[in-house]
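Enquirer: The lines below spell out each chain.
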Amino acid sequence: MGEAADQFFVRLQHWLVGHVPVSLQPIVSSLLGVVAILTVFAGLFAVTTVLERKGLGRIQNRYGPNRVGPFGFLQPIADGIKSLTKEDVVPHAADRAVHFLAPLVLVLAAFSLYAVLPIGRNMVLANLDAGVLFFFAVSSVMELAIFMAGWSSRNKYSLLGAMRAIAQMVSYEVPLILASVAVVMVSGSLSTVAIVERQAGYTGILPHWFVFTPWGFAGFVIFVVAATAESNRSPFDLPEGESEIIAGYYTEYSGFKFALFFLGEYLGLFAISGLGITLFLGGWGAPLSVLSWVPSYLWFFAKLLAMIAMFIWIRGTLPRLRMDQLMNFAWKFMLPMALLNLITAGVWCFFSQQGVLRWLVCGVLVVVPYVLLSRSLMQGLKLKKRVYRFAE
Amino acid sequence: MLGEGIAKGFVETARNFFGSYFYKDRLTTVQYPEERLPQAEAARNFPFLVYDGEDSQAGMRCVACQICEKECPPKCIFIEKSKDKKPDAVGKPQFYPAVFNIDISVCMSCQICVEVCPFEAIKMDTDFELSTDDRFCGLLWDKTRLSKPNDYYRRIHPTDAAVSDGILAEEKAKAEARAKPAVTAPPAVATAVAATKANSASSNGTHAVAATPDLKAEQTNG
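Residue numbers (my numbering), protein chains in the order written: chain V, 1 to 392; chain A, 1 to 222.
Read the hints as simulated data drawn from the structure, not as lab findings. Check the hints yourself; a few may be wrong.
[What the hints assert, rightly or not] Derived SDA-like pairs: lysine to any residue, alpha-carbon spacing no greater than 20 Å straight-line: (1) V:K385 to A:G5; (2) A:K24 to V:Y63; (3) V:K384 to A:G9; (4) A:K8 to V:L383; (5) A:K8 to V:V224; (6) A:K8 to V:M378; (7) V:K384 to A:G5; (8) V:K54 to A:S20; (9) V:K384 to A:L2; (10) V:K82 to A:D133; (11) V:K332 to V:P235; (12) A:K24 to V:G57; (13) V:K332 to A:L2; (14) V:K86 to A:D133; (15) A:K8 to V:R315; (16) A:K24 to V:R67; (17) V:K384 to A:K8; (18) V:K54 to A:Y23; (19) A:K24 to V:Q60.
Values in this document were obtained by computation on a predicted structure and should not be read as measured data.
Using the sequences and the hints given, assemble the complete structure.
Expert: Now the structure itself:
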């Protein structure tokens, strides 16, 4: 029963593919996967926009959207109609071709990230040997799309936003990839499917996820912080900082192109959350061995929704950083911690047998540098309670 | 240590998130079409014309003196004076506006028309649900749409209405006191006499002609 539900979509795909000539089978098989990914993740985007607005509203003691449909859940349809019917304004001096291509490139790159994410058992579009490498290579194309948007608009704010975006994304890609390299090092493979399989075992009822190791936990935290910066979300939303530079690189985008940017940004967020789940949270594996009968893809989406909820919570809590704070944080804190984490992961592999000593040594290797580094960085700052003259 | 303040912040937002589901007094939003806040007495947006009694046109206080039209900074008021006269709020025969239009898309709610009106005839309204799909005629209001009863004025601005009523009562008393020593006849006759005097004062020749537009105006109003 559990196995039938788990493999339902895989068998459905095989059954559908069986109806076409053998020569067409590979292409039809991948097309089916692509269509499934397009519909599921676009639908998830629609749901997330409502959930995010409602969640942020509740964090600020408001209701959030509750007018369109039951509890406001048809709001994305209204938003979609609005952005479709809006006028598509292109600045007179803009580079028309690039201006048109930028949102398309962004969405295309965001969608291609899902090719290597294992959504369930046997449910991955392309089981590449270098899946993690492919993921980071394609996510760099998103930076290119953002710079295309900022450059082609021929607008100072757009260009400033694009410059900020490039600076931020290049800086945070380093700790992001270093945190992932630790996982690649321990699991011994760049294939996302193999990484999930390495985390599949259980001790008692507890899973062998990498996040439950000292280096994995530190890596996961670094990964999440860097992923927030990579997907340009608050508190790292400087590239679009609406109170400083209007809307950054999409100042000159309106109507459906703006909606595409929005879509691309959220798809990037889901994809990088999916990679975080694959690398640290055991992919589609159940969190307890007794829950293994639940279909694997449900676990993946449950974890994805939990990650999204966490990103919404982060967005609702933290204010935007300043540019120098952003850069200091990336290069003075995140990078040393990620490098040290690599060493910790190496030490973890060095103690080949499980034991208290391994936990102790790796725990010290994570906690002590964290405390020392944060202390030394905070010492330079003269932090004192701010006094307001008029706002008290 | 690094992260302490961040953790505190996360606890605070989580408390807000869950608290808003359990404690209704946390939510400050008023769900507008279903719930409404009581309107502040000083609220104002567009002017309206006050009338006394039942008939909005017969009881209209406006005497078409056109001061508001001249004073209006964005020039959103358009008045056409009538040719004949009718008794005003005090009882004196006066002209009345044959046409009184306000373009509420131009009006800037400055209240200067109200300040300058010597007849307590134009006041500020508080109605705000005025959206229309016709941006020309739907926003150019004529005198039938602009006129509202004095009771309405008393309801929306009680304090101002009391002052306004006081001024009018005082003027009415003055007018009656002035009428009494002139003629010994009862006041009703006195006003009738005054009316004929005023009519004869304006040229007799135009009087017959002036009656016809008045009829027409009444027909269009009906």
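Enquirer: Compare the structure with each hint and give your call.
Expert: We went through each hint and held it up to the structure:
1. V:K385 to A:G5: holds (13 Å)
2. A:K24 to V:Y63: holds (11 Å)
3. V:K384 to A:G9: holds (18 Å)
4. A:K8 to V:L383: holds (17 Å)
5. A:K8 to V:V224: holds (19 Å)
6. A:K8 to V:M378: holds (18 Å)
7. V:K384 to A:G5: holds (13 Å)
8. V:K54 to A:S20: Cα-Cα ~11 Å, so holds.
9. V:K384 to A:L2: The given pair, whose Cα atoms are some 15 Å apart, holds under the 20 Å limit.
10. V:K82 to A:D133: holds (18 Å)
11. V:K332 to V:P235: holds (18 Å)
12. A:K24 to V:G57: holds (14 Å)
13. V:K332 to A:L2: Holds. K332 (chain V) to L2 (chain A) sits at ~13 Å (cutoff 20 Å).
14. V:K86 to A:D133: Cα-Cα ~19 Å, so holds.
15. A:K8 to V:R315: Holds: K8 (chain A) and R315 (chain V) sit about 15 Å apart, inside 20 Å.
16. A:K24 to V:R67: holds (19 Å)
17. V:K384 to A:K8: holds (17 Å)
18. V:K54 to A:Y23: Measuring from Cα to Cα gives roughly 17 Å; hence the hint holds.
19. A:K24 to V:Q60: This hinted pair holds, its Cα atoms lying about 13 Å apart.
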